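Asks: Next come the chains, spelled out residue by residue.
There are 6 protein chains.
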Amino acid sequence: MNIMNVLIISAHPDDEVLGMGGTIKKMSKQGHNLHLCVVTEGASAQYLDKKMIEVRKKSCVKAGEFLGISSFNFLDFPDMGLEAIPRLQIIRKLENIIKKINPEIIFTTPKNDLHLDHKLVHESTVIACRPTKNKIKKLLCYEIPSPLINQFNPNIYENIELEIEDKINSFQFYESEIEEFPHPRSIESIRAFSKVRGVQSGFKNAEGFSLIQSFQN
Amino acid sequence: MNIMNVLIISAHPDDEVLGMGGTIKKMSKQGHNLHLCVVTEGASAQYLDKKMIEVRKKSCVKAGEFLGISSFNFLDFPDMGLEAIPRLQIIRKLENIIKKINPEIIFTTPKNDLHLDHKLVHESTVIACRPTKNKIKKLLCYEIPSPLINQFNPNIYENIELEIEDKINSFQFYESEIEEFPHPRSIESIRAFSKVRGVQSGFKNAEGFSLIQSFQN
Amino acid sequence: MNIMNVLIISAHPDDEVLGMGGTIKKMSKQGHNLHLCVVTEGASAQYLDKKMIEVRKKSCVKAGEFLGISSFNFLDFPDMGLEAIPRLQIIRKLENIIKKINPEIIFTTPKNDLHLDHKLVHESTVIACRPTKNKIKKLLCYEIPSPLINQFNPNIYENIELEIEDKINSFQFYESEIEEFPHPRSIESIRAFSKVRGVQSGFKNAEGFSLIQSFQN
Amino acid sequence: MNIMNVLIISAHPDDEVLGMGGTIKKMSKQGHNLHLCVVTEGASAQYLDKKMIEVRKKSCVKAGEFLGISSFNFLDFPDMGLEAIPRLQIIRKLENIIKKINPEIIFTTPKNDLHLDHKLVHESTVIACRPTKNKIKKLLCYEIPSPLINQFNPNIYENIELEIEDKINSFQFYESEIEEFPHPRSIESIRAFSKVRGVQSGFKNAEGFSLIQSFQN
Amino acid sequence: MNIMNVLIISAHPDDEVLGMGGTIKKMSKQGHNLHLCVVTEGASAQYLDKKMIEVRKKSCVKAGEFLGISSFNFLDFPDMGLEAIPRLQIIRKLENIIKKINPEIIFTTPKNDLHLDHKLVHESTVIACRPTKNKIKKLLCYEIPSPLINQFNPNIYENIELEIEDKINSFQFYESEIEEFPHPRSIESIRAFSKVRGVQSGFKNAEGFSLIQSFQN
Amino acid sequence: MNIMNVLIISAHPDDEVLGMGGTIKKMSKQGHNLHLCVVTEGASAQYLDKKMIEVRKKSCVKAGEFLGISSFNFLDFPDMGLEAIPRLQIIRKLENIIKKINPEIIFTTPKNDLHLDHKLVHESTVIACRPTKNKIKKLLCYEIPSPLINQFNPNIYENIELEIEDKINSFQFYESEIEEFPHPRSIESIRAFSKVRGVQSGFKNAEGFSLIQSFQN
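Chains as they are written, first to last, in our numbering: chain U, 1 to 217; chain C, 1 to 217; chain V, 1 to 217; chain G, 1 to 217; chain P, 1 to 217; chain R, 1 to 217.
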């Protein structure tokens, strides 16, 4: 297996762990170079205290380093406010990150999600990755367990039997975000989703992904 | 709450437990009259031994009685062979059952399922329930956890926190069908699906349903 | 039947009558507490005369009182201008109304509607009702007959044979909005839609709804 | 306007009148040559009396002649039994009719219909019309009002203000099939559907169609 | 055939040629009056040099005149910036153009396109054409070959065997936009798309369209 | 790269070449072991002469050997007659082939295809590959250019710049099936589709695939 540059794009700090913490750890163990780009600051819509922006960034870096991510890019767009930003501005920032990191594979947020930030990060990523602009080999989206109605039907399942505990441990760095079950941001919820995706793929624990496009040379 | 006649239609013995065992128990505790109709014998495609047909029927009756089902109708169509039966024949049999039981609410198998038996039972039920023929008030489909690709997006969630253990106990009557996790017919799979549907609805354990039609007088 | 707090959310004054005037009257006769929230002022994009905003509000209150609505909340967002408002602002306002009224059931505008106001009110309602924030038991959308292409496929039909005349009478309070048939805001159009939804459900007159989510404890 | 050969394909006698009786009359007044092909005998699944097959054929011819249809082709496949006929056999019969009539435009039954006969006639027509085999210029499907769930979203609306009474009069030839409102095969249902499609297109009465394919030389 | 007023709406100068250059030429030869409305200036997001706006306009006029377009309307909204413009403003401008030109048929950009400008021009056109406002007889969208994921499934195919060279020649006026194959804006790409749409329709070269709505009096 | 067992499933002899001849050659050059399974005899519905069954098989073997396929399995189900075969029988045959070949990756026919044989081979393959039965790592479907309406939206593109001539040469072994352009089974059609898929992926020639499921250990 060749060593790849991997770019993970999330809308808020913690999307990357909830969505693909196990797969991040797995890719890290395989020796790939992992880079994270977080599009919004992920706090201002939920907390009045501005310090929470820094708190979540610190959680993100700690969790990411634990999983093996080597670089962190925070675009600092407003939480739950992406639809008010000119789309071109988001796309340009993503294009710059992509230029800098030169990834062969990109993971982004899911498409059919009522959470606008997830949807807009998804759409902006797809445009930033158009084949006339870059030579990204593979673009996928991960799943963000949500209390909102969405329709995520994975077609790629990654076995994370050996990484499920690391996924949970990394989420524990997001102290401010952990909730009680049955909240989607609870330990027990992470375990249950991981088992359900496992049942669908014949593994004990799995993470589901949906392939957007793959260009095979 | 009025006491209702409830008809549950399954394609194979065990669909009803896997799909809505918790809700069956819950409706039973509420005093409703529960009737089961199993469309195929559910064994001949999987077992060479013809006795297995009787084995699965007995499991079905035991599990059903445990959950509070009072009548059992086995249509005995061939397992994994519904597409070779004239559709009108399946519809007529369902119409007869519906006439006999006179239910106000019917639960059936899911629609977008690659398992043809599930799909055809679904379609035949919908036709047997058309409003010019009957006065069924409510028609829903339950979810059948499956290793096959399907797209079940529930819009009704039933809290089964108090019934999850009964659901699991009732499934244990299907001795021949229980498999090891991560098979979808394992105890741990049932628990994980019930938690994931719970996360989406704010309950600790839930079963998901999709409303097909409701006629409110 | 328990007495419920019901919240009806409309994008413009008259959506609630065109969409579910019969069902509002029916729920009122059943003794439920009915509350209306109108998201935009519904006039500024169509009339130069600013007074029309007040005219439409007065029509709304008269029509609503006739149907049995007991409280009216006007959010006064700009007519045909919701996409320019930060989404979070709309959601927060709806969350406040929901907190104040504490409804068990919410009705909102349809989803697949080319009229952006209808679509955005729908999406904002769904987010404001997420199960981690509230304990709304049932969320539905009603149908708004439209000259624009849309795809409303109801799964709930409410018999309004006894309320169709009340529906029409209540719409007559919206003097400025009544048009000649075959305009969708004409008396004859209301009657025709009500009969077509009736044909599909076995009633003489019906209103169609689509269930978004229901959480049954 | 050039005089065209028009082929109307229905699954059962009366589909053509319910679906497009007004448009048939209109095309007849415009001087086109109209041909009908009815795929099933349309009676055996609903009536024990075999004579009903002839009764429905006679109704069909009378109604059709009233509307201006000049030739009638009855393929006599079993009512509600098309799924048991080898598909190739249905396609071959349709190909023969198409060869004989050499139509420039074909109308067929709708696609997303739970009534299997409608769905299979639709699919077989599309295959019989593939461009490598024929030079059909235009293929459309009409709408069959139904108590079953379907999703017919027309993109072509034909003004039938001048033909609505002819449509209703022609349906009266199907004495055995007329039902009381709110049955979909009632006079009042025909009027209501025609008004609703009118509201969506700015006409007083309209019939809706969906364009499948058009090849413009 | 009657002489018609035809309005072609594009998001950027060159959409009209790439999408339907052959059909424009064909309609011109048939004697129809052809009018173009370009919604954005189509340059500012791609070129720093402001002069490029004029360059592209000049290319557009030259290409259009070559194809037989007689009037050009440039709305000058910002390139890749339509989502930040109040939607009502775009709709009003289109309504004004429609009022001025009084077309019987309108062509617009495709719907399911990740390029936001294409999507928003499509949606705004559909609203500007609602039957209560105008009497547009026919509304279609053309296809814009794109490196982005989209799902254009034409249902109308126009034979352009005699116009394919004119299409290519007209595109050559857009000197700044021509790219090397396999870029979608290359000569060889235009030829390949035209052949593929031809294969699907039995012509040697074709352009694909999707019918949005047609109102036939 | 590891050497893999690859199974290609086609409905008729020539699907495999039209759909993925370039990719077959490419995988062969990479050293993978390639196996073909053809589900129907592919001739009886189109030719009266029974000898054509053998003719097409011989073409298939010659074309396949040219591309590097090492084993050929002909299931000999009737051409255009799969819907009349008990589905379980098709599935069992595919399961046996899968057991024998033990592939890590399977390619099959597309899903949303009006050609029933393509659709049923697709569905049967998916069921035969369910994770509780096998450990297939990857399941994809290829594209079959068709005069029938279908909706193939690839998410995987394979660069076949170096294999396009081999693809065309291999198709020439199917002498009886080659047609004149613009027939989909013409040389010029193969070239045009390959360029269009190239435009969408940034290659000069490409084949498009859709990922059904991938299980990554």
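A few of these clues could be false.
Since the list gives no way to pick out one identical chain from another, each pair is judged satisfied if it fits inside one copy or across any two copies.
Unchecked claim - Heads up, simulated DSS-like pairs for lysine-lysine below, C-alpha to C-alpha not over 27 Å straight-line:
{"no.": "1", "residue 1": "Lys50", "residue 2": "Lys111"}
{"no.": "2", "residue 1": "Lys135", "residue 2": "Lys99"}
{"no.": "3", "residue 1": "Lys29", "residue 2": "Lys93"}
{"no.": "4", "residue 1": "Lys50", "residue 2": "Lys99"}
{"no.": "5", "residue 1": "Lys50", "residue 2": "Lys138"}
{"no.": "6", "residue 1": "Lys111", "residue 2": "Lys51"}
{"no.": "7", "residue 1": "Lys58", "residue 2": "Lys204"}
{"no.": "8", "residue 1": "Lys51", "residue 2": "Lys135"}
{"no.": "9", "residue 1": "Lys135", "residue 2": "Lys57"}
{"no.": "10", "residue 1": "Lys58", "residue 2": "Lys135"}
{"no.": "11", "residue 1": "Lys138", "residue 2": "Lys51"}
{"no.": "12", "residue 1": "Lys29", "residue 2": "Lys138"}
{"no.": "13", "residue 1": "Lys138", "residue 2": "Lys58"}
{"no.": "14", "residue 1": "Lys100", "residue 2": "Lys57"}
{"no.": "15", "residue 1": "Lys204", "residue 2": "Lys50"}
{"no.": "16", "residue 1": "Lys93", "residue 2": "Lys51"}
{"no.": "17", "residue 1": "Lys57", "residue 2": "Lys29"}
{"no.": "18", "residue 1": "Lys99", "residue 2": "Lys204"}
{"no.": "19", "residue 1": "Lys51", "residue 2": "Lys204"}
Note that these hints are calculated values from the structure, not bench results. No experiment lies behind these values; they were computed from the predicted model shown.
Asks: Take the hints in turn and mark each one as holding or not.
Replies: Here is what the structure says about each hint:
1. Lys50 with Lys111: neither (29 Å within a copy, 35 Å between copies)
2. Lys135 with Lys99: within (10 Å within a copy, 38 Å between copies)
3. Lys29 with Lys93: Close neither inside one copy (29 Å) nor across copies (40 Å); limit 27 Å.
4. Lys50 with Lys99: For Lys50 and Lys99, only the inter-copy Cα distance (25 Å) is at most 27 Å; the intra-copy one is 31 Å.
5. Lys50 with Lys138: neither (36 Å within a copy, 35 Å between copies)
6. Lys111 with Lys51: Result: close neither inside a copy nor across copies, 30 Å intra and 37 Å inter.
7. Lys58 with Lys204: neither (31 Å within a copy, 31 Å between copies)
8. Lys51 with Lys135: For Lys51 and Lys135, the Cα distance exceeds 27 Å both inside one copy (38 Å) and across copies (30 Å).
9. Lys135 with Lys57: This pair counts as neither: shortest intra-copy Cα distance 30 Å, inter-copy 31 Å.
10. Lys58 with Lys135: Classified as neither; 32 Å inside a copy, 33 Å across copies.
11. Lys138 with Lys51: neither (36 Å within a copy, 37 Å between copies)
12. Lys29 with Lys138: both (20 Å within a copy, 23 Å between copies)
13. Lys138 with Lys58: neither (29 Å within a copy, 38 Å between copies)
14. Lys100 with Lys57: Close inside one copy (21 Å), not across copies (34 Å); limit 27 Å.
15. Lys204 with Lys50: neither (40 Å within a copy, 33 Å between copies)
16. Lys93 with Lys51: both (24 Å within a copy, 25 Å between copies)
17. Lys57 with Lys29: This pair counts as within: shortest intra-copy Cα distance 24 Å, inter-copy 48 Å.
18. Lys99 with Lys204: between (37 Å within a copy, 24 Å between copies)
19. Lys51 with Lys204: neither (39 Å within a copy, 33 Å between copies)
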